[in-house]
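These protein sequences, in sequence, are chains A and B. Going by the numbering used here, the final residue of the first sequence carries number 397, and the count climbs one at a time with no gaps. Going by the numbering used here, the final residue of the second sequence carries number 794, and the count climbs one at a time with no gaps.
Check before you lean on any hint, since a few could be wrong.
To be verified - Coverage of chain A stretches by chain B, computed from C-beta distances (three or more under 8 Å per stretch; other residues unrestricted):
| id | stretch |
| --- | --- |
| 1 | 7-17 |
| 2 | 251-264 |
| 3 | 283-289 |
No lab work stands behind these hints: they were computed from the structure. All C-beta atoms, glycine included, are put in the ideal place defined by N, C-alpha and C.
2 protein chains.
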Amino acid sequence: MTDFDATRAMFHLPEGVIYLDGNSLGPLPRAAVERMQGTLRDEWGEMLITGWNQAGWMEQPRDLGDRIGRLIGAETGHVVLGDTLSIKVYQALAAALDMRPDRRVILSDSGNFPSDLYIAEGLIRALGRGHELRVVAPEAVAAAITDEVAVTLLTEVDYRTGRLHDMADLTSRAHADGAVTVWDLAHSAGALPVDVAGAGADFAVGCTYKYLNGGPGAPAFIYVAPRHADTAFPALSGWLGHDAPFAFEPAYRPGAGIERMRVGTPPVLAMAALDAALDVWDVVDMGALRARSIELSETFIAEVEAACPMLTLASPRDPVLRGSQVSFRFEQGYAVIQALIARGVIGDFRAPDIMRFGFTPLYLTNSEVREAAHRLAHVMQDHLWDAPQYRTRAAVT
Amino acid sequence: MTDFDATRAMFHLPEGVIYLDGNSLGPLPRAAVERMQGTLRDEWGEMLITGWNQAGWMEQPRDLGDRIGRLIGAETGHVVLGDTLSIKVYQALAAALDMRPDRRVILSDSGNFPSDLYIAEGLIRALGRGHELRVVAPEAVAAAITDEVAVTLLTEVDYRTGRLHDMADLTSRAHADGAVTVWDLAHSAGALPVDVAGAGADFAVGCTYKYLNGGPGAPAFIYVAPRHADTAFPALSGWLGHDAPFAFEPAYRPGAGIERMRVGTPPVLAMAALDAALDVWDVVDMGALRARSIELSETFIAEVEAACPMLTLASPRDPVLRGSQVSFRFEQGYAVIQALIARGVIGDFRAPDIMRFGFTPLYLTNSEVREAAHRLAHVMQDHLWDAPQYRTRAAVT
């Protein structure tokens with residue numbers, strides 16, 4: 001069991017705010033403030049350059065990788081921290097393509113993050129070998145896996161609708177056709193139980209500023225299955241992925257296993273905040289988290305649908321098919337979200353018409369979720385949503 | 398003029414330490430502690446997701462880019478922060494090669510950071526088009542620039558010896574032969590006056606944790622000359638380099654100018670520390686800094702050579718040809734550096750036999766430099782450096 005009152009107490013939450021956007025940026029873990037002070041004053045300030053060894057900065061990308069690895073079902077020693085999710089997608093995709101030099105298709109879906117697709121586009125152009133980025137509807141992915149496909153590049157939870165792919169099933173289909181899998185866990189890690197090893201995933205990547213609460217711009221992570229770890233091609237072959245970074249050899253020799261997916265100097269200050277954020281997970285059972293997440297989202301859907309018939313559920317109705325978020329479609333969704341924020345409920349909007357609400361049991365209560373639904377109902381009742389001023393689709397920034 | 402007592406007071410320096418390793422990791426700027434507290438508590442803690450607009454996090458990579466741009470002679474709006482130096486080298490080199498599709502040679506030198514060479518190797522293998530990384534001696538670079546060369550990939554200041562390339566001259570030679578230039582300013586930015594625009598550099602990159610004191614793992618920067626900014630190919634085409642990141646369009650459209658060199662979500666916490674560190678430069682005249690740097694390094698060389706005949710100067714004797722560091726060769730250099738650190742003088746060692754000392758006028762005084770030289774002389778006198786225990790070359794970590 002997990003004591004969610006105890007986990008809630010581990011976060012700073014602004015007075016009067018109901019925060020349904022932890023899927024975009026998790027709140028400040030109280031421990032991060034003191035941890036950062038210590039890293040600044042006692043480590044950087046006092047140890048200076050010797051902090052790389054004395055304070056363990058150099059090992060931290062692996063240590064934090066293992067802490068996250070436990071949340072996504074990775075084998076110990078096969079996850080490393082660093083860079084941003086975009087960079088990690090590039091590394092994973094480049095390594096995966098290198099394993100299938102005879103094939104030219106990267107299969108993805110329209111529910112993937114545009115950024116993952118952009119990264120694939122840039123890599124394809126850099127490679128200049130005529131790869132094709134084939135983007136199908138999410139529900140068409142299974143059927144689109146053929147022996148033409150080199151790599152499937154999929155995000156487990158759709159950032160707009162919350163729809164959840166079946167990672168084990170799609171991975172097994174990909175393998176049956178000889179394709180390599182790259183899974184983006186940006187909306188999965190810390191949101192629901194994940195089992196990359198059990199699913200047989202080849203590569204997985206994710207960010208740490210959403211459900212893992214690592215702070216704005218916190219570093220990303222990458223997982224490489226043990227069977228590939230010592231042969232995966234490191235396209236971004238920086239010195240910290242070298243087998244002996246401090247030997248300053250003229251030629252690159254990839255490090256053992258996941259080490260080769262390190263690139264440059266690790267972001268020590270950002271890792272301090274993330275390390276503090278990960279402490280929360282020491283007292284969390286992922287099964288209990290998932291049950292609570294479903295309870296919160298089911299409550300929200302029931303309350304909103306009862307009070308707001310103008311809104312259309314954009315997420316799967318079956319909670320088993322959803323991540324830890326719920327979205328509704330509404331043409332004036334941008335204006336509704338702004339009005340909600342003005343009433344202390346923070347959700348977000350994704351073009352063209354998605355109002356998105358994240359459910360984060362670590363710090364969100366059932367009564368807050370009910371209150372958020374009530375405020376949304378008030379917003380919907382208070383405005384003449386057919387009036388012309390709401391018909392303009394405001395620019396999203 | 399610059400008041401170096403005032404700049405010294407802006408840093409926290411550990412009691413009893415003479416720090417000659419600011420070229421590896423600059424010390425903690427006092428202002429960084431409070432700035433970070435504010436970013437954690439008042440921005441992340443209170444603003445949550447709205448911090449991206451309210452606190453200006455989204456613009457910070459450009460704002461900090463301009464602050465650094467002023468130190469390297471860049472045009473306003475043509476430098477951006479993010480990622481690590483290795484990643485920025487990859488971006489710059491990929492874009493530079495894309496401008497010379499008919500050529501296959503990347504020219505570098507043996508004084509370059511191995512990491513830059515590793516990144517070039519990885520890119521060459523990813524591209525798979527038979528590029529050649531041609532590495533010559535530093536003094537042979539000028540003669541090796543021919544019309545075969547697509548890109549020159551050079552670090553202005555040699556990380557081991559401190560030897561300074563003539564950026565304007567080599568850039569002009571490269572252009573005369575139709576080559577594109579990528580300059581690594583890791584040991585230049587904040588160390589000496591740099592003028593990328595005046596030199597006609599095409600691309601420049603650098604890190605911010607050395608002479609710019611941004612903290613361990615602080616983000617890197619990239620400069621793209623205005624004449625290339627709107628056409629440079631972004632191989633790492635992440636969402637924040639998109640022309641409209643929040644429109645979530647399915648296809649990548651590169652952003653205007655330097656924006657396209659942004660990749661993923663910016664590292665907000667690391668940028669807070671760096672922003673505080675850059676405040677120091679508001680009161681610094683680069684000409685005065687250079688004069689003081691030369692004064693400090695000349696003092697050190699004179700004192701050390703007078704007292705330690707066993708040591709061989711590895712840096713250029715003419716200060717005009719050096720960056721802001723001095724190196725001596727000694728076979729048992731690793732052990733000497735360890736002994737020096739035990740006596741409160743922090744320098745560093747670079748294989749195979751280089752003892753390296755950085756001179757950072759912002760916080761280093763003439764009397765400290767003399768004292769460091771005296772302690773080095775004592776270390777040299779106190780030990781029987783011919784004894785067998787010093788003959789083993791210890792592993793460097």
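Taking the hints in turn, this is what the structure says about them:
Counting residues of the stretch 7-17 of chain A whose CB lies closer than 8 Å to any CB of chain B gives 3, so the stated coverage by that chain holds, three being the minimum. For a cut-off of 8 Å, the count of residues in the stretch 251-264 of chain A with a CB near a CB of chain B stands at 4, and the three-residue condition holds. For the stretch 283-289 of chain A, the stated coverage by chain B is violated: 0 residues have a C-beta nearer than 8 Å to a C-beta of that chain, whereas at least 3 were required.
Of the numbered hints listed earlier, the single one contradicted by the structure is hint 3.
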